[in-house]
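Top line first, the protein sequences correspond to chains H and C. Take 1 as the starting number for the first sequence in the working numbering and just add one per residue. Take 1 as the starting number for the second sequence in the working numbering and just add one per residue.
Mixed in with the good hints there might be a few duds.
[Unchecked claim] Computed cross-link-like contacts, SDA-like style, restricted to lysine to any residue with a CA-CA straight-line distance of at most 25 Å:
{"hint": "1", "chain 1": "C", "residue 1": "Lys108", "chain 2": "H", "residue 2": "Thr103"}
{"hint": "2", "chain 1": "C", "residue 1": "Lys108", "chain 2": "H", "residue 2": "Ala57"}
{"hint": "3", "chain 1": "C", "residue 1": "Lys86", "chain 2": "H", "residue 2": "Thr52"}
{"hint": "4", "chain 1": "C", "residue 1": "Lys108", "chain 2": "H", "residue 2": "Thr102"}
{"hint": "5", "chain 1": "C", "residue 1": "Lys86", "chain 2": "H", "residue 2": "Pro16"}
{"hint": "6", "chain 1": "C", "residue 1": "Lys108", "chain 2": "H", "residue 2": "Pro10"}
{"hint": "7", "chain 1": "C", "residue 1": "Lys108", "chain 2": "H", "residue 2": "Leu101"}
{"hint": "8", "chain 1": "C", "residue 1": "Lys108", "chain 2": "H", "residue 2": "Ala104"}
{"hint": "9", "chain 1": "C", "residue 1": "Lys108", "chain 2": "C", "residue 2": "Arg76"}
{"hint": "10", "chain 1": "C", "residue 1": "Lys108", "chain 2": "H", "residue 2": "Asp125"}
{"hint": "11", "chain 1": "C", "residue 1": "Lys86", "chain 2": "H", "residue 2": "Ala104"}
{"hint": "12", "chain 1": "C", "residue 1": "Lys86", "chain 2": "H", "residue 2": "Thr103"}
{"hint": "13", "chain 1": "C", "residue 1": "Lys86", "chain 2": "H", "residue 2": "Trp95"}
{"hint": "14", "chain 1": "C", "residue 1": "Lys86", "chain 2": "H", "residue 2": "Thr102"}
{"hint": "15", "chain 1": "C", "residue 1": "Lys108", "chain 2": "H", "residue 2": "Pro16"}
{"hint": "16", "chain 1": "C", "residue 1": "Lys108", "chain 2": "H", "residue 2": "Asp55"}
{"hint": "17", "chain 1": "C", "residue 1": "Lys108", "chain 2": "H", "residue 2": "Thr78"}
{"hint": "18", "chain 1": "C", "residue 1": "Lys86", "chain 2": "H", "residue 2": "Ala129"}
{"hint": "19", "chain 1": "C", "residue 1": "Lys86", "chain 2": "H", "residue 2": "Asp137"}
{"hint": "20", "chain 1": "C", "residue 1": "Lys108", "chain 2": "H", "residue 2": "Arg124"}
{"hint": "21", "chain 1": "C", "residue 1": "Lys108", "chain 2": "H", "residue 2": "Ala63"}
{"hint": "22", "chain 1": "C", "residue 1": "Lys86", "chain 2": "H", "residue 2": "Glu66"}
{"hint": "23", "chain 1": "C", "residue 1": "Lys86", "chain 2": "H", "residue 2": "Arg18"}
If you're looking for bench data, these hints aren't it; they were derived computationally from the structure.
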Amino acid sequence: MSRRPRIRRPDELAAPPRFAGRIVDAELELLDRQVFDPDSVQVTTVDDLELTDVDAAHPDPDAPPEILCLLSGPVFGTRVFGGRPPESRFERVDWAHVARLTTAVALDVTAEVLDISWLERWFRDRVIARIPGGRHDPE
Amino acid sequence: MILSDLLGLRAYAADGEELGRVVDARFAIAGPEDHPLRTARMLGIIVSPRSHTSFMGYERTDVNSPALLARWFEHRGRGSFLVLWKDIASFGGGRMLLRPGAVLYSPKLEPQDG
């Protein structure tokens with residue numbers, strides 16, 4: 001029978017090193033955060049992060065992975081039962097578009113130009129717009 | 001690679017001791033003044049010997065309220081530690097192996113602005 005991992009006392013751990021830049025733990029400050037565009041339109045939520053590829057068998061100690069994209073996709077089932085959705089099921093927002101990290105993620109581009117909002121745009125233009133009164137705000 | 005490929009892996013020391021599970025990844029975000037978030041580079045991973053997931057991070061911050069929840073979640077996350085990326089020897093197949101001499105750091109987060 002395998003032993004449970006040992007719990008180390010705080011005095012057994014080295015003092016955390018100091019690094020330049022803003023230090024962020026992904027689970028605490030990125031995953032599941034809402035993503036907004038500059039007009040405060042909600043774009044998506046962060047379901048996962050796409051990282052640069054590394055050789056898992058021999059990771060280069062001097063080339064840690066970097067965040068490439070925010071991912072949004074059907075992750076509920078895989079979080080509960082394990083595994084991961086296929087790549088094709090993820091929608092991506094380039095990390096380069098991230099302007100601010102607070103309690104939400106703010107982008108520097110509008111949702112209109114992102115692929116991730118195509119379904120909403122299509123529905124608005126092809127369905128809602130054909131309903132009488134569907135092209136303007138309620139009066 | 002996606003972050004979920006790392007989260008949940010069982011971490012092992014070079015001598016085979018099971019250390020816990022990867023519950024989070026720490027990044028350093030930096031860039032020029034006009035785009036301070038340009039690069040988000042992984043510093044390392046957080047391993048927890050007891051919990052399988054990261055929740056609220058009470059064990060990594062000085063937040064201590066609401067007191068009852070803080071004590072419970074801090075207890076669940078006790079013994080967590082940070083392993084730097086350079087100390088990761090390999091990962092895959094549900095396991096992550098650390099290099100010989102890997103240093104286990106306190107996972108505490110320094111308070112930051114913004």
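> Are the Cα atoms of C/Lys86 and H/Trp95 separated by 25 Å or less?
Replying inline: 23 Å, holds
> Are the Cα atoms of C/Lys108 and H/Asp55 separated by 25 Å or less?
Replying inline: Violated, because 29 Å separates the two Cα atoms, which is more than 25 Å.
>> Hint check: C/Lys108 vs H/Arg124, CA-CA at most 25 Å. Holds or violated?
In response: 46 Å, violated
>> Hint check: C/Lys86 vs H/Arg18, CA-CA at most 25 Å. Holds or violated?
In response: Holds: C/Lys86 and H/Arg18 sit about 15 Å apart, inside 25 Å.
> Are the Cα positions of C/Lys86 and H/Thr52 separated by 25 Å at most?
Replying inline: Holds, at about 16 Å.
> Is the straight-line distance between the alpha-carbon of C/Lys86 and that of H/Pro16 25 Å or less?
Replying inline: At roughly 15 Å apart (the allowed maximum being 25 Å), H/Pro16 and C/Lys86 satisfy the hint.
> Taken at face value, is the distance from the CA of H/Ala57 to the CA of C/Lys108 at most 25 Å?
Replying inline: 29 Å, violated
> Within a Cα-Cα threshold of 25 Å, do C/Lys108 and H/Leu101 meet the stated pairing?
Replying inline: At roughly 20 Å apart (the allowed maximum being 25 Å), H/Leu101 and C/Lys108 satisfy the hint.
> Given the hint that C/Lys108 pairs with H/Ala104, does the C-alpha gap stay at or below 25 Å?
Replying inline: 22 Å, holds
> Does the structure keep C/Lys108 and H/Thr102 at a Cα separation of 25 Å or less?
Replying inline: Holds, because 19 Å separates the two Cα atoms, which is no more than 25 Å.
>> Checking one constraint from the list: CA of C/Lys86 to CA of H/Thr103, max 25 Å. Satisfied?
In response: 30 Å, violated
>> Against the 25 Å threshold, does the CA-CA distance of C/Lys86 and H/Ala104 hold or violate the hint?
In response: 30 Å, violated
Violated hints for the displayed structure, listed by number in ascending order: 2, 10, 11, 12, 14, 16, 17, 18, 19 and 20.
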